[in-house]
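Enquirer: Here our numbering is used: position 63 in the sequence shown is 450, and no number is missing along the way.
By construction, these hints were calculated from the structure, which means they are not laboratory data. Among the hints, erroneous ones may be present.
Derived DEER-like restraints, expressed as beta-carbon distance ranges [to be verified]: (1) Arg464 with Ala600: 41 to 47 angstroms; (2) Asn558 with Glu689: 41 to 47 angstroms; (3) Glu659 with Gln511: 31 to 37 angstroms; (4) Glu508 with Asp588: 38 to 44 angstroms; (5) Glu492 with Glu689: 24 to 30 angstroms; (6) Gly440 with Ser575: 29 to 35 angstroms; (7) Gln511 with Glu407: 46 to 52 angstroms; (8) Asn411 with Glu689: 40 to 46 angstroms; (9) Arg464 with Gly612: 29 to 35 angstroms; (10) Arg601 with Ala418: 42 to 48 angstroms; (11) Ala600 with Ser575: 19 to 25 angstroms; (12) Gln622 with Asp586: 18 to 24 angstroms; (13) Pro507 with Val631: 38 to 44 angstroms; (14) Ala600 with Glu407: 33 to 39 angstroms.
Glycine included, C-beta positions come from ideal geometry on N, C-alpha and C.
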Amino acid sequence: MSNRIAVIGSNMIDLVTYVERMPNRGETLEAPRFQQGFGGKGANQAVAASRLGAKVAMITCVGDDSFGHETRANLERNGVDVSHLRMVEGVASGVAPIFVEPDGENAVLIVKGANAHLSPEDVQAAASMLIDCDTILLQLEVALETVYAAVAFGAEHGITTILNPAPANPNLDLSELGGLDWFCPNESELAMLSGMPVDTDTRVVEAARQIIARGIRNVIVTLGGRGARFITADQVHMIEPVRVNPVDTTGAGDAFIGSFARFLSGGVPPLEALNRAARYAAHSITGHGTQSSYADEAAFEEFCRAHVASSVQ
388 MSNRIAVIGS NMIDLVTYVE RMPNRGETLE APRFQQGFGG KGANQAVAAS RLGAKVAMIT
448 CVGDDSFGHE TRANLERNGV DVSHLRMVEG VASGVAPIFV EPDGENAVLI VKGANAHLSP
508 EDVQAAASML IDCDTILLQL EVALETVYAA VAFGAEHGIT TILNPAPANP NLDLSELGGL
568 DWFCPNESEL AMLSGMPVDT DTRVVEAARQ IIARGIRNVI VTLGGRGARF ITADQVHMIE
628 PVRVNPVDTT GAGDAFIGSF ARFLSGGVPP LEALNRAARY AAHSITGHGT QSSYADEAAF
688 EEFCRAHVAS SVQ
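Use the sequences and the hints to build the structure in full.
Expert: Following this line, the structure appears as C-alpha coordinates:
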(Lines of atoms letter the chains of each structure in order from A and count residues from 1; the text may use other names and numbers.)
(Lines give C-alpha, C1' and ligand atoms only; values in the text may rest on other atoms or scores of the structure.)
Protein backbone atom coordinates (compact mmCIF):
# COMPACT_ATOMS: atom_id res chain seq x y z
CA MET A 1 0.00 0.00 0.00
CA SER A 2 1.18 3.53 -0.74
CA ASN A 3 0.24 4.90 2.71
CA ARG A 4 -1.44 7.94 1.17
CA ILE A 5 -4.13 9.55 3.32
CA ALA A 6 -6.50 12.39 2.51
CA VAL A 7 -7.92 14.19 5.53
CA ILE A 8 -11.12 16.07 4.73
CA GLY A 9 -11.91 18.21 7.72
CA SER A 10 -11.27 21.00 10.12
CA ASN A 11 -8.45 23.10 11.45
CA MET A 12 -8.52 25.32 14.53
CA ILE A 13 -6.27 27.56 16.51
CA ASP A 14 -6.19 26.15 20.04
CA LEU A 15 -6.37 28.76 22.81
CA VAL A 16 -5.38 26.68 25.84
CA THR A 17 -5.80 27.92 29.41
CA TYR A 18 -4.46 25.77 32.25
CA VAL A 19 -6.65 26.19 35.35
CA GLU A 20 -6.50 25.10 38.98
CA ARG A 21 -10.24 24.45 38.73
CA MET A 22 -13.08 25.44 36.43
CA PRO A 23 -14.78 28.71 37.45
CA ASN A 24 -18.37 28.70 38.63
CA ARG A 25 -20.93 30.70 36.70
CA GLY A 26 -20.28 34.41 37.22
CA GLU A 27 -16.93 33.76 38.90
CA THR A 28 -13.57 35.15 37.81
CA LEU A 29 -10.43 33.15 38.55
CA GLU A 30 -6.77 33.72 37.82
CA ALA A 31 -5.24 30.98 35.67
CA PRO A 32 -1.57 30.05 35.93
CA ARG A 33 -0.76 29.54 32.25
CA PHE A 34 -1.94 30.12 28.67
CA GLN A 35 -0.68 28.50 25.48
CA GLN A 36 -1.69 29.02 21.85
CA GLY A 37 -1.32 26.12 19.46
CA PHE A 38 -2.62 24.46 16.33
CA GLY A 39 -5.60 22.14 16.46
CA GLY A 40 -8.88 21.13 14.89
CA LYS A 41 -9.77 17.47 14.69
CA GLY A 42 -8.92 17.19 10.99
CA ALA A 43 -5.59 18.98 11.25
CA ASN A 44 -4.66 17.06 14.41
CA GLN A 45 -5.28 13.73 12.73
CA ALA A 46 -3.42 14.83 9.62
CA VAL A 47 -0.36 15.90 11.63
CA ALA A 48 -0.34 12.67 13.67
CA ALA A 49 -0.42 10.55 10.50
CA SER A 50 2.21 12.68 8.78
CA ARG A 51 4.62 12.62 11.73
CA LEU A 52 4.41 8.84 11.63
CA GLY A 53 5.51 8.77 8.00
CA ALA A 54 2.28 8.76 5.97
CA LYS A 55 1.88 10.89 2.85
CA VAL A 56 -0.95 13.17 3.93
CA ALA A 57 -2.97 15.74 1.99
CA MET A 58 -5.59 17.93 3.62
CA ILE A 59 -8.79 19.34 2.14
CA THR A 60 -9.82 22.18 4.43
CA CYS A 61 -10.82 25.86 4.65
CA VAL A 62 -9.20 28.69 6.59
CA GLY A 63 -10.10 32.34 7.02
CA ASP A 64 -8.28 35.21 5.35
CA ASP A 65 -6.74 36.26 8.66
CA SER A 66 -3.42 35.74 10.41
CA PHE A 67 -4.62 32.46 11.89
CA GLY A 68 -5.35 31.16 8.39
CA HIS A 69 -1.84 31.92 7.16
CA GLU A 70 -0.34 30.42 10.31
CA THR A 71 -2.40 27.25 9.87
CA ARG A 72 -1.22 26.77 6.30
CA ALA A 73 2.41 27.25 7.35
CA ASN A 74 2.03 24.81 10.25
CA LEU A 75 0.59 22.07 8.03
CA GLU A 76 3.42 22.58 5.55
CA ARG A 77 6.01 22.35 8.34
CA ASN A 78 4.47 19.03 9.33
CA GLY A 79 4.72 17.62 5.82
CA VAL A 80 1.02 17.89 4.96
CA ASP A 81 0.13 18.70 1.34
CA VAL A 82 -2.00 21.89 1.38
CA SER A 83 -2.69 22.08 -2.37
CA HIS A 84 -6.41 21.77 -1.56
CA LEU A 85 -6.51 24.19 1.39
CA ARG A 86 -8.92 27.01 0.49
CA MET A 87 -8.82 30.49 2.05
CA VAL A 88 -12.31 31.98 2.47
CA GLU A 89 -12.41 35.76 2.10
CA GLY A 90 -14.09 37.79 4.81
CA VAL A 91 -14.40 34.86 7.22
CA ALA A 92 -12.48 34.18 10.43
CA SER A 93 -10.52 30.99 10.91
CA GLY A 94 -11.81 28.42 13.39
CA VAL A 95 -10.75 28.66 17.02
CA ALA A 96 -11.00 26.32 20.01
CA PRO A 97 -10.81 27.74 23.56
CA ILE A 98 -9.63 24.84 25.77
CA PHE A 99 -9.50 24.63 29.56
CA VAL A 100 -7.17 22.06 31.14
CA GLU A 101 -7.41 21.03 34.79
CA PRO A 102 -4.48 19.79 36.95
CA ASP A 103 -5.36 16.11 36.38
CA GLY A 104 -5.10 16.61 32.61
CA GLU A 105 -8.85 16.54 31.94
CA ASN A 106 -10.13 19.25 29.63
CA ALA A 107 -13.21 21.12 28.41
CA VAL A 108 -13.34 22.49 24.86
CA LEU A 109 -15.42 25.00 22.92
CA ILE A 110 -15.19 25.21 19.13
CA VAL A 111 -16.01 28.09 16.79
CA LYS A 112 -16.09 26.60 13.28
CA GLY A 113 -15.42 29.82 11.36
CA ALA A 114 -14.15 29.01 7.86
CA ASN A 115 -14.49 25.27 8.52
CA ALA A 116 -18.24 25.64 7.98
CA HIS A 117 -17.51 26.62 4.35
CA LEU A 118 -15.88 23.30 3.38
CA SER A 119 -18.31 21.92 0.80
CA PRO A 120 -18.98 18.87 -1.39
CA GLU A 121 -17.60 20.98 -4.24
CA ASP A 122 -14.24 21.06 -2.44
CA VAL A 123 -14.29 17.25 -2.35
CA GLN A 124 -15.05 17.04 -6.06
CA ALA A 125 -12.35 19.62 -6.87
CA ALA A 126 -9.80 17.30 -5.25
CA ALA A 127 -11.03 14.16 -7.05
CA SER A 128 -7.82 13.50 -8.98
CA MET A 129 -5.81 13.59 -5.74
CA LEU A 130 -8.32 11.50 -3.78
CA ILE A 131 -8.36 8.69 -6.33
CA ASP A 132 -4.65 8.08 -5.64
CA CYS A 133 -5.21 7.74 -1.86
CA ASP A 134 -5.56 4.55 0.19
CA THR A 135 -7.63 6.21 2.91
CA ILE A 136 -10.04 9.13 3.37
CA LEU A 137 -10.25 10.34 6.98
CA LEU A 138 -13.22 12.43 8.17
CA GLN A 139 -14.66 14.14 11.28
CA LEU A 140 -17.76 16.25 12.09
CA GLU A 141 -16.35 19.76 12.52
CA VAL A 142 -17.43 20.51 8.93
CA ALA A 143 -20.79 20.42 7.12
CA LEU A 144 -22.50 17.03 7.15
CA GLU A 145 -23.15 17.26 3.40
CA THR A 146 -19.38 17.36 2.87
CA VAL A 147 -18.91 14.25 5.00
CA TYR A 148 -21.63 12.41 3.07
CA ALA A 149 -20.06 13.40 -0.27
CA ALA A 150 -16.64 12.14 0.84
CA VAL A 151 -18.03 8.79 2.08
CA ALA A 152 -19.89 8.33 -1.22
CA PHE A 153 -16.74 9.21 -3.19
CA GLY A 154 -14.72 6.65 -1.24
CA ALA A 155 -17.33 3.94 -1.73
CA GLU A 156 -17.56 4.66 -5.46
CA HIS A 157 -13.79 4.47 -5.97
CA GLY A 158 -12.91 1.68 -3.52
CA ILE A 159 -11.04 3.94 -1.11
CA THR A 160 -11.07 3.03 2.59
CA THR A 161 -13.09 5.58 4.57
CA ILE A 162 -12.77 6.34 8.29
CA LEU A 163 -15.22 8.62 10.11
CA ASN A 164 -14.60 9.92 13.61
CA PRO A 165 -18.11 11.27 14.45
CA ALA A 166 -16.82 14.01 16.72
CA PRO A 167 -18.01 16.29 18.00
CA ALA A 168 -21.27 14.33 18.21
CA ASN A 169 -23.99 15.71 15.97
CA PRO A 170 -27.54 14.38 16.49
CA ASN A 171 -28.36 15.36 12.90
CA LEU A 172 -25.89 12.86 11.44
CA ASP A 173 -27.90 10.63 9.10
CA LEU A 174 -26.50 7.11 9.33
CA SER A 175 -28.36 6.14 6.16
CA GLU A 176 -25.99 8.48 4.28
CA LEU A 177 -22.98 6.47 5.47
CA GLY A 178 -23.65 3.17 3.72
CA GLY A 179 -20.36 1.59 2.68
CA LEU A 180 -18.33 3.41 5.34
CA ASP A 181 -15.46 1.16 6.39
CA TRP A 182 -14.63 2.44 9.88
CA PHE A 183 -16.84 4.34 12.33
CA CYS A 184 -14.91 5.54 15.40
CA PRO A 185 -17.03 7.14 18.16
CA ASN A 186 -16.42 7.46 21.86
CA GLU A 187 -19.03 6.25 24.39
CA SER A 188 -21.12 9.41 24.48
CA GLU A 189 -21.10 9.75 20.70
CA LEU A 190 -22.15 6.12 20.31
CA ALA A 191 -25.02 6.61 22.78
CA MET A 192 -26.28 9.72 20.99
CA LEU A 193 -26.05 8.29 17.49
CA SER A 194 -27.44 4.83 18.28
CA GLY A 195 -30.11 6.03 20.71
CA MET A 196 -29.10 3.19 23.03
CA PRO A 197 -27.50 3.00 26.51
CA VAL A 198 -23.78 2.19 26.67
CA ASP A 199 -23.25 1.83 30.42
CA THR A 200 -21.92 -1.75 30.18
CA ASP A 201 -19.64 -3.55 27.74
CA THR A 202 -22.57 -5.65 26.56
CA ARG A 203 -24.59 -2.54 25.78
CA VAL A 204 -21.63 -0.94 23.99
CA VAL A 205 -21.51 -3.96 21.68
CA GLU A 206 -25.30 -3.90 21.16
CA ALA A 207 -25.23 -0.20 20.28
CA ALA A 208 -22.28 -0.67 17.91
CA ARG A 209 -24.06 -3.51 16.13
CA GLN A 210 -27.11 -1.32 15.70
CA ILE A 211 -24.79 1.04 13.80
CA ILE A 212 -23.31 -1.84 11.79
CA ALA A 213 -26.80 -2.93 10.78
CA ARG A 214 -27.11 0.40 8.94
CA GLY A 215 -24.42 -0.64 6.44
CA ILE A 216 -21.21 0.41 8.25
CA ARG A 217 -18.57 -2.32 8.24
CA ASN A 218 -16.54 -1.83 11.44
CA VAL A 219 -17.00 0.16 14.65
CA ILE A 220 -14.23 1.20 17.03
CA VAL A 221 -15.50 2.58 20.35
CA THR A 222 -12.96 4.51 22.42
CA LEU A 223 -13.54 4.18 26.17
CA GLY A 224 -10.95 6.50 27.70
CA GLY A 225 -9.15 4.76 30.55
CA ARG A 226 -10.85 1.45 29.65
CA GLY A 227 -9.17 1.27 26.24
CA ALA A 228 -11.28 0.62 23.16
CA ARG A 229 -13.47 -2.03 21.54
CA PHE A 230 -13.20 -3.16 17.92
CA ILE A 231 -16.61 -4.50 16.93
CA THR A 232 -17.85 -6.18 13.77
CA ALA A 233 -21.11 -7.99 13.02
CA ASP A 234 -19.72 -11.20 14.54
CA GLN A 235 -16.58 -10.34 16.54
CA VAL A 236 -15.51 -8.18 19.48
CA HIS A 237 -11.88 -7.36 20.26
CA MET A 238 -10.63 -5.49 23.34
CA ILE A 239 -7.91 -2.89 22.90
CA GLU A 240 -6.24 -2.67 26.29
CA PRO A 241 -5.48 0.78 27.74
CA VAL A 242 -1.86 1.87 28.06
CA ARG A 243 -1.07 3.18 31.54
CA VAL A 244 0.84 6.47 31.74
CA ASN A 245 0.83 9.52 34.00
CA PRO A 246 -1.36 12.04 32.13
CA VAL A 247 -0.29 15.66 31.80
CA ASP A 248 -2.83 16.92 29.25
CA THR A 249 -5.45 14.73 27.54
CA THR A 250 -6.28 17.33 24.88
CA GLY A 251 -6.09 15.77 21.42
CA ALA A 252 -5.62 12.18 22.60
CA GLY A 253 -8.60 10.97 20.58
CA ASP A 254 -7.21 12.61 17.46
CA ALA A 255 -3.80 11.03 18.10
CA PHE A 256 -5.53 7.65 18.27
CA ILE A 257 -7.55 8.11 15.06
CA GLY A 258 -4.76 9.75 13.04
CA SER A 259 -2.21 7.11 13.98
CA PHE A 260 -4.71 4.30 13.34
CA ALA A 261 -5.30 5.67 9.84
CA ARG A 262 -1.55 5.79 9.22
CA PHE A 263 -0.94 2.21 10.43
CA LEU A 264 -3.97 0.80 8.57
CA SER A 265 -3.08 2.66 5.39
CA GLY A 266 0.46 1.29 5.67
CA GLY A 267 -0.80 -2.29 5.59
CA VAL A 268 -0.77 -3.10 9.31
CA PRO A 269 -3.58 -5.57 10.22
CA PRO A 270 -6.50 -3.79 11.94
CA LEU A 271 -6.10 -5.24 15.43
CA GLU A 272 -2.38 -4.54 15.52
CA ALA A 273 -3.00 -1.06 14.08
CA LEU A 274 -5.44 -0.35 16.91
CA ASN A 275 -3.03 -1.52 19.60
CA ARG A 276 -0.29 0.68 18.14
CA ALA A 277 -2.74 3.59 18.01
CA ALA A 278 -3.55 3.08 21.70
CA ARG A 279 0.15 3.39 22.52
CA TYR A 280 0.48 6.51 20.35
CA ALA A 281 -2.49 8.17 22.08
CA ALA A 282 -1.04 7.26 25.49
CA HIS A 283 2.25 8.88 24.57
CA SER A 284 0.42 12.06 23.50
CA ILE A 285 -1.09 12.67 26.95
CA THR A 286 2.34 12.69 28.59
CA GLY A 287 3.04 16.13 27.05
CA HIS A 288 1.35 19.53 26.94
CA GLY A 289 -0.79 20.75 24.08
CA THR A 290 -2.35 19.00 21.12
CA GLN A 291 -0.20 18.68 18.00
CA SER A 292 2.81 19.74 20.07
CA SER A 293 2.49 16.47 22.01
CA TYR A 294 2.43 14.18 18.95
CA ALA A 295 5.50 12.01 18.47
CA ASP A 296 7.39 11.36 15.26
CA GLU A 297 8.33 7.79 14.31
CA ALA A 298 11.58 7.73 16.27
CA ALA A 299 10.10 9.14 19.48
CA PHE A 300 7.13 6.78 19.24
CA GLU A 301 9.33 3.72 18.78
CA GLU A 302 11.41 4.79 21.80
CA PHE A 303 8.22 5.13 23.87
CA CYS A 304 7.06 1.67 22.76
CA ARG A 305 10.39 0.09 23.75
CA ALA A 306 10.32 1.80 27.14
CA HIS A 307 6.67 0.84 27.72
CA VAL A 308 7.33 -2.83 26.89
CA ALA A 309 10.37 -2.86 29.18
CA SER A 310 8.48 -1.29 32.11
CA SER A 311 5.45 -3.55 31.64
CA VAL A 312 7.51 -6.74 32.14
CA GLN A 313 9.38 -5.59 35.23
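Enquirer: Does each hint fit the structure? Answer for all of them.
Expert: Hints, one by one, checked against the model:
| no. | hint | result |
| --- | --- | --- |
| 1 | Arg464 with Ala600: 41 to 47 angstroms | holds, 43 angstroms |
| 2 | Asn558 with Glu689: 41 to 47 angstroms | holds, 43 angstroms |
| 3 | Glu659 with Gln511: 31 to 37 angstroms | holds, 35 angstroms |
| 4 | Glu508 with Asp588: 38 to 44 angstroms | holds, 42 angstroms |
| 5 | Glu492 with Glu689: 24 to 30 angstroms | holds, 27 angstroms |
| 6 | Gly440 with Ser575: 29 to 35 angstroms | holds, 32 angstroms |
| 7 | Gln511 with Glu407: 46 to 52 angstroms | holds, 49 angstroms |
| 8 | Asn411 with Glu689: 40 to 46 angstroms | holds, 42 angstroms |
| 9 | Arg464 with Gly612: 29 to 35 angstroms | holds, 33 angstroms |
| 10 | Arg601 with Ala418: 42 to 48 angstroms | holds, 43 angstroms |
| 11 | Ala600 with Ser575: 19 to 25 angstroms | holds, 21 angstroms |
| 12 | Gln622 with Asp586: 18 to 24 angstroms | holds, 22 angstroms |
| 13 | Pro507 with Val631: 38 to 44 angstroms | holds, 40 angstroms |
| 14 | Ala600 with Glu407: 33 to 39 angstroms | violated, 46 angstroms |
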